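Undergrad: Residues per chain are reported as follows:
Protein chains: 2
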Amino acid sequence: MAKGLPKRSEDYSAWYNELVKKADLAENSPVRGCMVIKPYGFAIWEKMQQTLDKMFKDTGHSNAYFPLFIPKSYLSREADHVEGFAKECAVVTHYRLKNAEDGSGVVVDPDAKLEEELIVRPTSETVIWSTYKNWIQSHRDLPLLLNQWANVVRWEMRTRLFLRTAEFLWQEGHTAHATKGEAIKETETMLHVYAKFAEEFMSMPVVRGVKTESERFAGAEETYCIEALMQDGKALQAGTSHFLGQNFAKAFDVTFSDKNNQLQHVWGTSWGVSTRLMGALIMAHSDDEGLVLPPKLAPIQVVIVPIYKGEEQLAKISEKVAGIKSELEARGISVKFDDRDTLRPGFKFADWEMKGVPVRVAIGARDLENNTVEIARRDTKEKQSYSLDNVESVIADLLDQIQENIFHKALMFRDDNITKVESYEEFKEVLETKGGFISAHWDGTPETEEKIQEETKATIRCIPLENEEEEGTCIYSGKPSTQRVLFAKAY
Amino acid sequence: MAKGLPKRSEDYSAWYNELVKKADLAENSPVRGCMVIKPYGFAIWEKMQQTLDKMFKDTGHSNAYFPLFIPKSYLSREADHVEGFAKECAVVTHYRLKNAEDGSGVVVDPDAKLEEELIVRPTSETVIWSTYKNWIQSHRDLPLLLNQWANVVRWEMRTRLFLRTAEFLWQEGHTAHATKGEAIKETETMLHVYAKFAEEFMSMPVVRGVKTESERFAGAEETYCIEALMQDGKALQAGTSHFLGQNFAKAFDVTFSDKNNQLQHVWGTSWGVSTRLMGALIMAHSDDEGLVLPPKLAPIQVVIVPIYKGEEQLAKISEKVAGIKSELEARGISVKFDDRDTLRPGFKFADWEMKGVPVRVAIGARDLENNTVEIARRDTKEKQSYSLDNVESVIADLLDQIQENIFHKALMFRDDNITKVESYEEFKEVLETKGGFISAHWDGTPETEEKIQEETKATIRCIPLENEEEEGTCIYSGKPSTQRVLFAKAY
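Each protein sequence line maps, in turn, to chains A and B. Take 432 as the starting number for the first sequence in our numbering and just add one per residue. Take 432 as the starting number for the second sequence in our numbering and just add one per residue.
These aren't lab readings, by the way, just hints derived from the structure by calculation. Since the structure is predicted, the reported quantities are computational estimates derived from the model, not experimental observations. Please note that the accuracy of each hint is not assured.
If chains are identical, the list can't say which one is meant, so a pair holds when it fits in one copy or spans any two.
Calculated lysine to any residue pairs in the SDA-like style (CA-CA distance at most 25 angstroms, straight line) [to be verified]:
id	residue 1	residue 2
1	665	860
2	518	533
3	544	524
4	518	461
5	920	591
6	518	545
7	888	898
8	564	474
9	727	579
10	779	571
11	751	491
12	529	649
Put together the whole structure using the sequences plus the hints.
TA: This is the structure:
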């Protein structure tokens, strides 16, 4: 049935790679580290984009577009930023090719060397803040609440489809504010937008928190994040929202005159999610038979498979299906009638299971006689016969149930996999045997954080926002601590 | 009133540049030839995208995403293609920067040189056909009907916002077919989609035609195009659809086994429109007071400006406006209530005129007493008082009328500016005094075409699809000709 999908329990990593391939989501391109997002995978990403875009607009943001290229010198203007990105960027040095003299093809034309090299944007703070300098003069120009959907490039050496690719698609919000308080509020608002999207649309529970200093975005004063737990017990950072302080405003000299006519530096934020969310979505719910998609993000929510012998039966079934399909579509439900005539129903069932379609309807000649259909849910694999009379309501309800069920299943799994530990021994044992998030006391120093990472490969995923204060001692150094943080091995 | 917009009649080019700037559409970025698309400009582009995307999907296409980078050797695989694009491409040669030894910032790390240079895609035929090779084996895999929305880079030396920029946004459709006939049909279908979009949404009449051999896309067997006429009498190519024959299939060895189990090369098409359409839209309708937008693409279709003295009057007006606004929004009409309290109504009127909002509603205290509003249309500048009772219907009707009126105005202008000429003397005179499209006999040779271009800067824009056969003699060579073609100076 699983057409060669490895089992999660045996080789999670191979399972993921094969699933991405067999569900027609993406593949590696001829260009090292860059992916091709296939139509079915892209349709899921489009649904994510549309949903997020509406959420951004509902919170007052507009879209704009800034250049792909960043002058090399811009990257250096903010000291942490260049440290963070210079080591993995694609550099454009020439603007023309010419025919090779030996006729072997084309070569770089040495006469077409750029005066200043251009970096393919790894993120756009620098080019955007250099533009904001001209757009912002007065407090009346603030806040400036922009977003862009774009491709970015970070030259990663070890890549995996969706999770880590040299080029990826993302959105990056960049906002400018008159006060520190407003900027922090914006950072938090967008974190909550991301969390809401993850939980309500992806059905993926997340922990909201802040990063430690060493895990912060290069150039930020505070990085907020949402962290999800995958089925193999590893964490995945699903979105980040950065409070930039006045760092980029100072680097690019962006000032405004406030209500008292005093010149001040602007406060900034930036926030982003990327096609990495596709990797999270795949890993959060899918099983050994293939993808499991939350109905709200499924490009095809219902597939209808006819079970027939001969043209006449097919014609009768098709007529019935046409009615069901148009009624479902009138409710905004997307339906695929799979009447491919060269494939057996069993093959089609497995195919749509692999692709994660939430609801499958099978309808045969006997069903027509009995006025019934067989409906299978992808999430629980339950099959049941229903009357055709109100099948559209049944399906609509089922889609809601599936959306909720996979969220709760993921939430139970996540909560079962947050383990409190009191010692480093316990920490290491839980990490090796169970994985998941480990809630432990930490002395707050980067040194301890680094040592734990070196020794165990676990990192501090975040300091949860809703943390309770709790007196304790650091599991590593034994120094006093006031709160627990979440450790995990991570993607 | 026009806040310094140059007059079209005096300096069309300066008028365009200032309009793009003053209507907040776009600006030049710090990176040579690359633009920043500002929120208001991007909102128009988003409307274009959404409309076109729906049209593509309605004609059976899906979106996907292919890499930004193309290995240098791929470009050379199709001989015409490399000739067309190698001379103006951004070349990535390195993947890392490092700190300069003299502490002056970052420099390219010579140890991080790529084995093979990467080209930032100027168009994606090569990387897509190299991928199609793996996706297409059988006639059952065809047709393959894909599109991508992406950024592309062509290193233009002389750039103008929207019309010609080094980086631009576009969509590129790439389809694969089993037969020549199907591929040609697809090429034509997409040309008609573009024409329909231009005429019904942009209100911009276009001539549908085919390019001469010398104006064809590099790698195509036939290039279909839509050509529009701008108010200064220059033509603008607004979209192209290419029949690629088997050129890219042969270059990348893309074959399929047909129904008789014979191996054949696949037939291809590609088609695209870009942010250049923004330039066309701006130039097609706008006037000396600013932008004129067709309602179907206007991000704000109706602006409501309160005329008031004091808070109390404003409160009463605001209450009334809230009702009108929500009723208009229920009809799917986008409305902005401009209650900025630091600006006078006259300033607001000029501001929204500059931004091309189709309908302006002014409402004051006396209007409330009389149960009226004053409505101004952007296209004709007519102002009229209407009863408040059914103002929503009046506005909805007005928007339809404006959409139609600006199309007809542009159509009349276009038709008045297609001039038939019978001699080269007449040709040159019309070109200098009147401009526009010149319909003339041509002997069909690239040599004549080139000489006319050298001597007059006019090019053959297209051979119209609906051309009638007509015996004649070439205006330049005197040789026999069977049909007229359209010449013009062009953007």
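Undergrad: Take the hints in turn and mark each one as holding or not.
TA: Hints, verified against the model:
no. : hint      : in the structure
1   : 665 x 860 : within (15 angstroms within a copy, 75 angstroms between copies)
2   : 518 x 533 : between (35 angstroms within a copy, 18 angstroms between copies)
3   : 544 x 524 : both (6 angstroms within a copy, 11 angstroms between copies)
4   : 518 x 461 : both (23 angstroms within a copy, 23 angstroms between copies)
5   : 920 x 591 : within (17 angstroms within a copy, 50 angstroms between copies)
6   : 518 x 545 : both (20 angstroms within a copy, 14 angstroms between copies)
7   : 888 x 898 : within (24 angstroms within a copy, 71 angstroms between copies)
8   : 564 x 474 : between (37 angstroms within a copy, 22 angstroms between copies)
9   : 727 x 579 : both (23 angstroms within a copy, 23 angstroms between copies)
10  : 779 x 571 : between (59 angstroms within a copy, 16 angstroms between copies)
11  : 751 x 491 : between (45 angstroms within a copy, 24 angstroms between copies)
12  : 529 x 649 : between (39 angstroms within a copy, 16 angstroms between copies)
Of the numbered hints listed earlier, not one is contradicted by the structure.
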